[in-house]
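J.: One-letter residues, chain by chain:
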Amino acid sequence: MNVGYLVRELYYQKRRTLTAILGLSIGIALLVILNALSMAYRQAAHAPLKEIGADITVQRPGDVPKDLAGAVFPCSAVTIRKEEVEKIRSLPGIKGMGKAVLLWVFDTKQAWIVLGIEQNNTIGPAVLRSAVAEGKFLEDGKSESLVEMSYARQFGIKVGDTVSVNGSRFPVVGLLDASQAAKIAVANLYLSLADAEGIAASSKNLQSVSPFALGDVNLLFIKADQEKITDLAASLKGILGKKATVATPDSFLKLLGSLFALSDKFTLAASLIAIIVAVLIAFKTMAGNIAERAREIGVLKAVGWTNRNVVAQLLAESIIQCFLAGLLGLLIALVVTFGLSFMKVNIPIPWDMAPNPHFLPGGGDQIYKTLRLPVHIPWTLASFAVLLSIVIGGLTGALLGRHVAKIKPSEVLRHE
Amino acid sequence: MNNSKILSGSDLSKKYGELEVVKGVSIYVAAGEFVCLVGKSGCGKTTLLSLLSGLEHPTKGKVVLSGKEITDTSEDDLALFRRENVGFIFQSFNLIPTLSAWENVALPLFPVKISNEERRRRATELLEQMELGHRMEHLPSALSGGEKQRVAIARALINKPKILFADEPTGNLDSATGDAIMEILNRLHTKEGVAILMVTHEAELAKTADRLVRMHDGEIAS
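Protein sequence lines correspond, in order, to chains X and D.
So the first sequence is residues 0 to 415, counted in numbering that gives the first Met the number 0.
So the second sequence is residues 0 to 221, counted in numbering that gives the first Met the number 0.
Treat the hints as calculated values from the structure; they're not laboratory data.
Please read these numbers as outputs of a predicted model, since none were measured by experiment.
Just so you know, even glycine gets a beta-carbon here, dropped at the ideal spot from N, CA and C.
Be aware that a few hints might be false.
Unchecked claim - Now the stretches of chain X that chain D is said to cover, found in silico as 3 or more residues with beta-carbon under 8 Å:
(1) 0–13
(2) 298–311
(3) 402–411
Turn these sequences into a full structure, and let the hints guide you.
T.: This is the structure we're talking about:
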């Protein structure tokens with residue numbers, strides 16, 4: 000292989016070189032963009048759960064008492080018994096668990112959405128610790144409360160006040176800005192898990208439709224092995240019944256409804272098509288190149304180049320062209336993905352995961368988690384694309400070697 | 000010129016399907032001899048040249064070139080053999096359009112493991128002999144027909160071949176330029192002792208050769 004000959008051939012035959020490079024680069028760019036988008040949607044689908052430090056949330060739907068008075072469970076989250084929680088904890092693939100009790104409390108003067116949380120658990124709503132705007136977070140072992148800021152403003156609640164919920168009084172130790180917080184597991188009033196359990200256990204109205212004992216909960220947040228999430232989702236339904244609401248990144252991905260979010264199969268199929276198109280373009284261009292250069296190849300053979308010498312030269316040209324196409328494709332993909340990163344994606348939060356009573360004004364509105372599409376090209380994908388380009392170049396060059404062997408110098412050099 | 004044969008073809012035939020283009024031809028070229036193969040267009044001259052130079056395998060007969068029978072040699076071995084023993088000059092020059100004059104001359108050396116400086120040195124020497132020292136870096140598109148053919152002759156000589164095969168070397172040139180090319184070939188033959196087998200349909204050009212071989216309808220006429 001002669002480098003000078005290679006460079007001059009690529010440089011002087013600009014049209015041919017550019018056609019080959021552009022054609023293949025589009026295929027490579029398509030492959031990279033499709034995969035980057037697919038990964039971005041997957042990452043976006045993780046966002047609602049990631050924000051509460053979990054991979055899976057679990058709740059069980061049930062009935063609401065006819066008389067909405069005092070503390071009741073939302074119909075989307077009724078009792079998960081202590082024994083069921085322990086059974087779930089022992090499932091393979093579970094790395095950690097957070098528990099919570101979500102209540103609707105209808106007092107005579109106002110309604111509360113109450114969330115009882117484990118203050119020191121990093122899995123679950125306690126991640127809101129960072130959202131305290133005024134005052135302090137709940138302390139372990141103390142009966143105190145946090146109020147959501149806009150709710151506090153609406154009802155004139157301040158740090159240091161005491162709020163009365165279902166007949167129990169709680170000092171307000173802090174205000175929480177939940178506007179930037181996760182869209183699931185949000186409330187007006189945050190209590191310790193023990194206090195919320197106490198309210199639930201003492202509510203006759205609640206007990207009449209969903210028996211609840213201390214130690215029971217109605218929301219679970221699970222941290223799990225990524226590879227086992229699908230299996231775990233099935234096991235959880237096995238324990239809590241088919242109607243249980245098990246939210247996973249995959250279930251959010253399905254809610255996105257985008258083509259890219261549909262399945263790995265779609266991305267795989269589209270990527271394969273992009274690769275096949277890229278290979279065909281490279282092959283066609285190189286085949287045309289060889290047909291166009293039959294006379295030149297005849298000269299090379301006549302002056303003493305062996306088939307291997309000729310193939311090595313064309314193979315090197317093919318690999319360099321495809322390598323450049325890979326780099327250009329990557330550059331195109333970088334520009335396109337940069338543009339796409341400004342795109343907003345709205346992830347719908349299912350109604351049964353939204354804490355608001357749907358019969359209150361605005362309660363039935365669809366809630367979205369909105370974020371910028373986290374699209375980027377990881378090094379692994381970039382390296383794969385460039386490597387693939389080189390492989391395509393190598394394969395194309397090697398396949399066309401057979402055509403080179405068929406070129407007879409005596410035939411192509413016969414004078415006019 | 001000595002009398003040892005540098006090239007001999009015995010009972011050579013070439014068929015393309017049913018069409019027999021060369022019919023039982025026997026021919027030789029002695030070392031340092033200038034042989035002209037003349038005949039009308041389509042009489043089989045170029046095909047015979049291809050058979051004798053190892054560019055094509057005969058349907059029948061054998062070719063011995065520089066003491067080696069090349070008739071059944073593989074294509075790659077033939078290429079290597081050509082690189083070291085044979086030079087070609089074509090009617091239409093057949094220079095590589097993307098390579099400079101010196102690179103075209105050095106083309107047969109590209110697969111050889113020698114330094115680029117050495118390639119350039121050898122190409123420069125030959126181009127200077129062809130009075131083209133000032134055109135070293137020019138692309139073929141910037142050269143005249145005569146210059147192109149002189150570059151092609153230099154390329155044919157780069158490996159110091161024992162025999163040159165020239166297929167209508169002046170066919171694309173005006174008569175003055177053609178004469179100049181013939182002068183170079185004659186000089187190579189007389190001063191350098193290079194054997195030449197030249198195909199032409201112009202009887203006038205053949206006058207300078209040591210020997211004339213006439214072909215007619217695929218056979219040697221005289």
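J.: Next step is simple, just say for each hint if it's right about the structure.
T.: Hints and how they fare:
no. : hint    : in the structure
1   : 0–13    : holds (count 8)
2   : 298–311 : holds (count 11)
3   : 402–411 : holds (count 4)
Of the numbered hints stated above, none is contradicted by the structure.
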